[in-house]
Amino acid sequence: MGVPVQRRRLLKMTAALAGMAMLAACGGGTGAAAQNAGGEGGIASNIKLMGVYDTTGPVAYAGVGASKGMKLAMEEIEKQAFLGPDVKLTLDEVDTAGAIERASSEVSRAIADSEVKAIFGPVSGQQAATVAPIVEQAGVPTIFNQAGSEGVVIGDFTFRGTAPMYSYYDIAAKYLADKGLTDVAVIYNGTFPTFAEIGQKEFPRLAGEHGLTVSSSYAVQSNTQDFTAQAQEIAAKKPDAVVLLLIAPQAVTALTQLGQAGYEGQTVGSSVQAAGNVAQAGEHAAGLVYPVDFSAAQDDETAVKFVEEFTKKYGKAPDQYAAEGYDSMWWLARAIKASGDSSRAGIQKGLQKVAAEGFEGVMGDLTFEGNDLRVKGVLVQWDGSKERLATE
Amino acid sequence: MQELLNTLTLGSIYLLFALGMALAWSTIGILNFAHGAIFVFSAFSAHIISEHVALSMPVLILISVLVGAAMSALTQWLAFEQILKRSTNHRSAEMRVLIGGIGVAAIPIAIVDKATASAPFGFANSTYKTEVYESMGLRMTNTSLIVIITGVGIAVALTLWLRASRRGLGLRAIGVDSETASLMGVNRTAMALGTMAIAGGLAGLAGALQVFQLQAMGVATGDQLLIKAFAMIVLGGLGSMAGVIFGAFALAGAETLIFAAKLGTWVDAVSFGLIFLVLLVRPQGIFGRQEVRRT
Amino acid sequence: MMAWYTANAVVVQATMTTLLLALSIQLPLRVGVFSFAGVGCFGIGGYTAAILYTKFDVDTWPAVALGTLLAGGLCYLLGLIIHKLSGLYLGMATIAFSLIVAVAATNGGSLTGGASGIFGALGGITNLHVLLLLALVVAGLAISEYGRFGRMIDTVREDPELAAALGINVGRYRKLTFLASGLIGGLAGAVTTLLRSTITPAEVNFHMVVVALTVIIIGGSSSWLGALIGAIVITWLPTVLSFVADWESIIYGFLVALAAIFLPGGVLGLAKDLIHRWRARRRPTPPAPPASEAEKIPGGEPSSPATERSLASTQGGTS
Chain A
1 MGVPVQRRRL LKMTAALAGM AMLAACGGGT GAAAQNAGGE GGIASNIKLM
51 GVYDTTGPVA YAGVGASKGM KLAMEEIEKQ AFLGPDVKLT LDEVDTAGAI
101 ERASSEVSRA IADSEVKAIF GPVSGQQAAT VAPIVEQAGV PTIFNQAGSE
151 GVVIGDFTFR GTAPMYSYYD IAAKYLADKG LTDVAVIYNG TFPTFAEIGQ
201 KEFPRLAGEH GLTVSSSYAV QSNTQDFTAQ AQEIAAKKPD AVVLLLIAPQ
251 AVTALTQLGQ AGYEGQTVGS SVQAAGNVAQ AGEHAAGLVY PVDFSAAQDD
301 ETAVKFVEEF TKKYGKAPDQ YAAEGYDSMW WLARAIKASG DSSRAGIQKG
351 LQKVAAEGFE GVMGDLTFEG NDLRVKGVLV QWDGSKERLA TE
Chain B
1001 MQELLNTLTL GSIYLLFALG MALAWSTIGI LNFAHGAIFV FSAFSAHIIS
1051 EHVALSMPVL ILISVLVGAA MSALTQWLAF EQILKRSTNH RSAEMRVLIG
1101 GIGVAAIPIA IVDKATASAP FGFANSTYKT EVYESMGLRM TNTSLIVIIT
1151 GVGIAVALTL WLRASRRGLG LRAIGVDSET ASLMGVNRTA MALGTMAIAG
1201 GLAGLAGALQ VFQLQAMGVA TGDQLLIKAF AMIVLGGLGS MAGVIFGAFA
1251 LAGAETLIFA AKLGTWVDAV SFGLIFLVLL VRPQGIFGRQ EVRRT
Chain C
2001 MMAWYTANAV VVQATMTTLL LALSIQLPLR VGVFSFAGVG CFGIGGYTAA
2051 ILYTKFDVDT WPAVALGTLL AGGLCYLLGL IIHKLSGLYL GMATIAFSLI
2101 VAVAATNGGS LTGGASGIFG ALGGITNLHV LLLLALVVAG LAISEYGRFG
2151 RMIDTVREDP ELAAALGINV GRYRKLTFLA SGLIGGLAGA VTTLLRSTIT
2201 PAEVNFHMVV VALTVIIIGG SSSWLGALIG AIVITWLPTV LSFVADWESI
2251 IYGFLVALAA IFLPGGVLGL AKDLIHRWRA RRRPTPPAPP ASEAEKIPGG
2301 EPSSPATERS LASTQGGTS
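Chains as they are written, first to last, in our numbering: chain A, 1 to 392; chain B, 1001 to 1295; chain C, 2001 to 2319.
Quick caveat, the hints were computed from the structure, so don't treat them as lab data.
Misleading hints may appear alongside valid ones.
In silico BS3-like links for lysine-lysine, alpha-carbon gap of 30 Å or less [what the hints assert, rightly or not]: (1) A:376 to A:349; (2) A:68 to A:376; (3) A:88 to A:386; (4) B:1262 to A:201; (5) B:1114 to A:316; (6) A:88 to A:305; (7) B:1114 to A:237; (8) A:48 to A:313; (9) B:1129 to A:237; (10) B:1129 to A:174; (11) B:1114 to A:313; (12) A:386 to B:1114; (13) A:71 to B:1262; (14) B:1114 to A:312; (15) A:313 to A:79; (16) A:353 to A:337; (17) A:376 to A:337; (18) A:68 to A:48; (19) A:386 to A:305; (20) A:353 to A:68; (21) A:238 to B:1262; (22) A:48 to A:238; (23) A:179 to A:386; (24) A:376 to A:316; (25) B:1262 to A:386; (26) B:1129 to A:238; (27) A:48 to A:237; (28) A:316 to A:349; (29) A:71 to A:313; (30) A:349 to A:71; (31) A:337 to A:68; (32) A:68 to B:1129; (33) B:1114 to A:179; (34) A:201 to A:238; (35) A:201 to C:2175; (36) A:88 to A:48; (37) A:305 to A:68; (38) A:349 to A:88.
Please put together the full structure from these sequences, using the hints given.
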């Protein structure tokens, strides 16, 4: 009955909406170009930073950990008057809640706010890779934590405060070589980018360098839950060591099933097994070694002090994410001091300057490959209930 | 031979998960997409309690089953029943039940995610100890034995019960034609609530056993199993319990073989490719009857 | 307004791309084809465009066009093979298709970038371009919703036998639906990828089916306008809810469940009801008595509008 009228109205309404959106789109274009100014030089008394990463959802542990570390570093920077007596750093955080669009939207918003001098970018690889070209284009220095994939550090304004896992995985290969465990089996998650890269490319290369033989290699998917078949095959072949490049629940199952299948050799994991993530495997996980960029068990002075301060503030020992956040914030503070300029351009120059020289952080001697952090890493051993340093 | 044993264990876990879903779907027509969340949350509840008191396996399983049954019945009462009450068209009701389930599922998953900080959880503190048996070159654990016996046992029992008992008949009647069934004296609402409770209990059972078998569960496990279970049920043919049993073991067998062939990252492609082919040859699934419910 | 837009340009963009994806799933559902192949086509379109753009130096628009066409073509072929399957069996087959696309991408070696996917495919697409493309798609869909053509499609969905008896070639309609859905899905994938600059195999999964269905059910499944409403709600809800931080996903779940329960026709259905009632009240002459009667009979239950609408739609479908 009344349908045709309604329909015409709807069509009109959509046409109007479309027109409005077009106008807005044109406006957006000019607005974006005009906001790239504002490098006044000198250190401002209030330096506003923006944190755009997951604090809820599946990778929240990384975002929350980094955030805790950064806040501790900010307190210390202020207390020490590192940047001068009246300089204050403020960090506004927004949650990206696992959504790519949310990340790029929040980053665009931060770019539009000329008060924001630097951004701490998303911890998830794909969010970071989406955001990277945007901040490059806008010229806002952005430090990413975690986000180990390619396409994140792509130019002068993108920095990464987490060393990619493959870059310090050599200490695991070296450990095996030193112990004479040369026959190695690998189980890796081929649908998880970091592990796919190490499992397919990096570890075979490292093995070659250290005189190890990868006698068998098993690819699985992220949704693989049962490892009985692989475990039994490995137990039958008895290689000296098994390298597990698996996400947290998978590693627990694989370790357990290896144990049940009667495998008694050395097991090697990755930093995903840190923070007690293998505790559920009980005795089967005892003896597992894995390289990390930071462990609360580290015994050098800086690290011990950091663990102490962190535990005092949060009542819990720091994890690797906290250490990465802490060192990243200090990197930023050093950058501002180095360039004596807290503008976006100044911070960018400073970050590069600090990176060129390297500095000592809680993760040890930090060096950089371009804008990308490198650490030596430490090998830790899980003794069934806690982490300790593996003898080097 | 060892492969067969592994397939049997893996298939039994799949089966336990899929049984509850298939039961609700093929009888009262509810495709519950919160099944995976219920599965995770009931195992998680048992985990929380086991962190405080060292419990034995049967007690942990019982907790998990009860939580699962309660959650599932609650979902049915508060969400699905309300949706069915408010719809006139079968097709739209089906879709809305699907979405309602997805919405409901988000809640327990968010809670578990938050509580565990996405770390895997398990029953490390339970009094149960896994033992490994070895004979004639075959290895198996007491857990997989329990899993196989429970999985196959319950599946067979459920199939027979649906075929032979009066209630089972009533339930199947609802599946064929709910209006006529209620005219024949079948209390649809109560029956549906009971069915969903059983389905949820099965999810809880599957959850607890999976944790015992695999030692740990991640929060995303439920979703991964959900799509596999959907595939198994369709592969076997909706409405047939024997079909689910077949579907579960077929999928587990395919996966084991693909792993044996070292094609680990192709698992989904091969198993779903097979399902695709089977559907082309048998559009109603292997054990499916000609559809009577939908036109 | 301008400042607001600048700050939210990306969310506006996400709304449009989500809408495209949802439309590629909604169209087959409207024709009664339970196909989720649109998600797989999203992957095909996205990967094709990204590969052409980054590895073969193809310009943005040819890359988008080729991605769209390839996805449409493959989806049509899929349709030729499986269009005879019914209901959720078809759903399963199309989900299988979509997952296989993802696995192929994971194992595509350097061409598809393996598990890490493709990065740096930032094409020269603006929101205005997306809007124009969207308008084109919506215009096409709007035509299919109204008049004789629209009624024909309704008949194919509600009663394929009747449609066949009326001389409609049901099989052809179903196959063409695959083509159209594939084209829209491919376009959605190509545009989204070149806007985001990245695509990974992990994206092309069941979760995307869930998002598309949620959009359709919340907004309303009968018309593109419903998908638009749904896309707006789904894309903006998290932003609106972000102040509740930790509770966000819980509230989100509640809202989705509530929408499924209380809005049988989605938000669009609700809006239509309200407009309908408001009109009925403004016209107290002849049509008034039956209207007030209708209000009395169901005892003021909220289920009355549902019955009313479904009656109307059946009439529309068979007349």
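Hints breached by this structure: 3, 7, 10, 13, 22, 25, 27, 28, 32, 33, 35
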